[in-house]
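Given chain A's structure and the hints, the job is docking chain B onto it.
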Amino acid sequence: MSILAALKKRIGNKQILLDGGSAESVVRAGTDETGENINLGKFVFIMGQLALLALIIRQFQIQSGAFLRVALLAFIGFAIHYFLPLRYRLPFFAILSLSSIGVVFGFVNALWLIGFGLVLIAICQLPLAFWKRVSLLSITGVLYMLFSVEVIKGPWSNAIWPILGSMFIFRIVVYLYDSRHEKEPSTLAQKVSYLFMMPNVCFPLFPVVDYTEFRRTYYNDERHRIYQIGVDWMVRGIIHLILYRLIYQYVTLTPAEVTNPDTLVQFLVSNFLLYLRISGYFHLITGLLHLFGFNVLATHHRYCLASSFTDFWRRINIYWKDFMMKLFYYPVMFKLRGLGQVKALIIATIVVFLATWLLHSYLWFWLRGRFPVTWQDAVFWGTLAVVVIVNSLMEIKKGRNRSLTKKAWGIKDSMILGLKTTGIFYFICILWSLWTSDSFASWASMWEFFWNGSLNVEQALPRYFILVGAVIFGCAIYFGRASRGDETEAERASLQQTPFKISTVALLLMVAAAGMPQVYNRLGPDAASWIVSVKSGQLSRADEAALERGYYEELTRVDRFNSQLWEMYMNKPTFHWLDIKGSGLTRFTGDFLQEELVPGFASATPYGRIQTNSWGMRDIEYSLKPSSDTYRIALLGASSVMGWGVEQHQTFEAITEARFNKQGGLGRYNNIEILNFAVPGYYPLQQRTVLEKTRQFSPNAVFYVATGREESRAVGYLVDVVQKEIDIPYPRLNLIVEQSGINATMDKATVIRNLKPFRGEILPWLYQDLVTVSKEHDATPVWVFLPSINKGSWLNDLQETEAMARNAGFLIMNLNGVFDGEPADSLQLEEWDKHPNGRGHELIAEALYDAINQHRADLLSP
Amino acid sequence: MTSSNDEIKTEVKAYILTEFLPGESAEALTDATELVTHGVLDSLSTMQLVAFIEEKYSITLKAHEVNIDYLNTLPDITNLIISKSNG
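Note that the protein sequences, when read in sequence, are chains A and B.
Mapping of the first sequence onto numbering that gives the first Met the number 0: position 133 corresponds to residue 132, and the numbering continues sequentially without gaps.
Mapping of the second sequence onto numbering that gives the first Met the number 0: position 2 corresponds to residue 1, and the numbering continues sequentially without gaps.
Chain A on its own, in the form it takes in the complex (with noise of 0.2 Å):
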């Protein structure tokens, strides 16, 4: 070797080792200098890989539009940092998150996360002491707390808050602990990197990654293996993320459906199941590292098959659980080992337990702008932490099984193993429901069947108890014989073999396959039907239900991770998002109808002005009676219909009508006048109340606009007013509420499974009352069916309500398909508001005006 190529090689040494590389990373790295680890096959099948990947978080919306551009940024960054040499590999990385921030933000927000992380980073360097340090970097968090709540505003977009909340409010804590300690000082590229880590721009959940272990790990392998591995943990992330949505859709149930016990394990398993979302994002992230040559450990390990509650505690959410170790176990077991090591043990991990539960509400606060405080996190991490102490003390008392080579393990261990992870996990699940729950009563209420005498023997037969027990009793024996470390080898070791990366690519090749229109038509319409609901992510029914709920109300359990809901949450703006409902736009009627419209109220929204006419319609005004050449409609509905979001001139129904009258009214009628009686928030009992307003004006036709699940919102309001102890005018209902002998005591789960029964008869009497009453007074009546814009589980129950709709007696006017054809998020408000923009509002006045003149023979006849 020349004098120069040793002179380069020695710097290019000295620089992986500054750059928190280790001896070994020097080795393998001097031969990446000459470029002779640079496999030119091996590249080409990793970006193959990579490919697939990508081309399935598209098919699969994996999520989100950022994240497909955050990972199509990552995959071609790696192309090009694969070839460079490793001292730069680094900085690139580092460029290559800020530009991620970039590709989300825009250049100009992306500045001013970036400006404001680059301050924190600043004040960690600053010549003065560990304590001063900190004080300083805790009013500047409380400064930018004040920025995120909009208590001080600026001119950044408030969504970088929760980004850069996630970025920094534990890592920056890890890194000012691990820098006091660290052996080398850390470069600029190592804090940029650490700091600002894509993909942490598109997941404001994200693994709390030590920093310690972020340079340890750096090159600390061969680099194709590590490359190999992130393929591997993405696929891995991938799959759960599928298995979630799987689950989330067909299997989830709302505490009032369980009624026994088979419905009560269908709701802990999946409830619990709801996890793998979490573990999925968790492996997409730290594959995604791996890429760049961070060989992380893996965030979880087969958190179903704990055999203990400290086993639970060490496999799930490995990341948080070496944080909390760091930052607080071992500082207060050291402070307090003078007391012994049982009082010490137990003070840490109550420490700990604190610690978490008040770190995750800190955590929701910059994700949402709230701090929960609530029952059921108290009783989640206080339960926890009691029966993890109690754990270790069993643990230090008689010692827990540990060996570095496989030992022949006889059935007897088996078997307790078995026994102890099923039990460990129908716990685990019991606790996770109690900890995700609305209200101890409605989760209370779950276990009600075994002591009301509501069962019948076959009913009674806990099949899906064996049935899950059998599958985590197998599962515990064929995998828990081994450690996680000799896993991690043994894992890491096969991925040598060819055989496991051939599973990886068939796996890939598969799911991608799997996506494709042209496949998934072939596999019949019911396979086909669940394909392209994973793919979509849509709702679940209770998140559906959940989110229209939401549009009016602040929702206060949105804030758990388990809910698709939450995400959707996450892009909503804290405050002043559409703020009608306290604005005085509505106002409390004391009666069945509960709220309407003010008449003459005015207000500027974000979308425009909204204000209602002098009869509290949001509408032009209106004469009472109608001229003899105007054909008057009654048009009754809810928040589409009102036109949230929208200005008034834009519903639909004001676009209907202009057009309408523009092109000669309709038949003998000159004009036409669409009254919209629509509320946002009613539901459809609501309407037979809004029918009778209508009467006085007169008119020709009452239009009923029905959305999804009319059933179970005309369920859900009989269930509020029963609840709110609200006089109903309708004896069928009342009969309805005496025979299911619901009352104002029960909590809503159980007043839901109480009117089941009954289900069948609310929205047909619904129905055949509003058609006998408009009939009676001239209206025709007519039902009209409004789509929502996205596909969902509302379409399960079309058919039926059409066909109830239409033994009652209305023309039936069904616009479902009005959207087809034209993306939805072009349609709708806002990604976490569906209802129609203006373009939704064009294409549904379209639909509406066709069918009004289809029927206009009709509607005409007298």
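Do not rely on the hints blindly, as some may be mistaken.
Claimed, not checked - Below are the DMTMM-like pairs computed for lysine to aspartate or glutamate, each with C-alpha atoms no more than 25 Å apart in a straight line: (1) K182(A) / E23(B); (2) K190(A) / E18(B); (3) K12(B) / E23(B); (4) K723(A) / E447(A).
These aren't lab readings, by the way, just hints derived from the structure by calculation.
Just chain B now, with coordinates in the frame of chain A:
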């Protein structure tokens, strides 16, 4: 110094085998065995090991030294003890 290194390593190895790996053969625990990543040293066993080391070698460890950098292998532990002993 070398013999002191070997003595320390042997003592620590013996302690780990006795307390945390009963029944395991001594040959299974080598200089390359990763005690933390293999799960041999968890939070409980780590504190027990710390107590042993501090008492045996009259040194005081700090909380930040209880991590994978210092305790993952027998050589790591030995080096930590040596460096603390030498001040």
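Decide if the proposed pair is consistent with the structure: K190(A) and E18(B), CA atoms, cutoff 25 Å inclusive. Roughly 40 Å between the alpha carbons, so the hint for K190(A) and E18(B) is violated.
Next pair to validate is K12(B) with E23(B); report whether the Cα-Cα distance is within 25 Å. holds, 12 Å
Compare the distance between the alpha carbons of K723(A) and E447(A) with 25 Å, and conclude whether the hinted pair is satisfied. holds, 23 Å
Hey, K182(A) versus E23(B), does the alpha-carbon distance stay inside 25 Å? Roughly 34 Å between the alpha carbons, so the hint for K182(A) and E23(B) is violated.
Hint compliance for this structure: hints 1, 2 are not met, and every other hint is.
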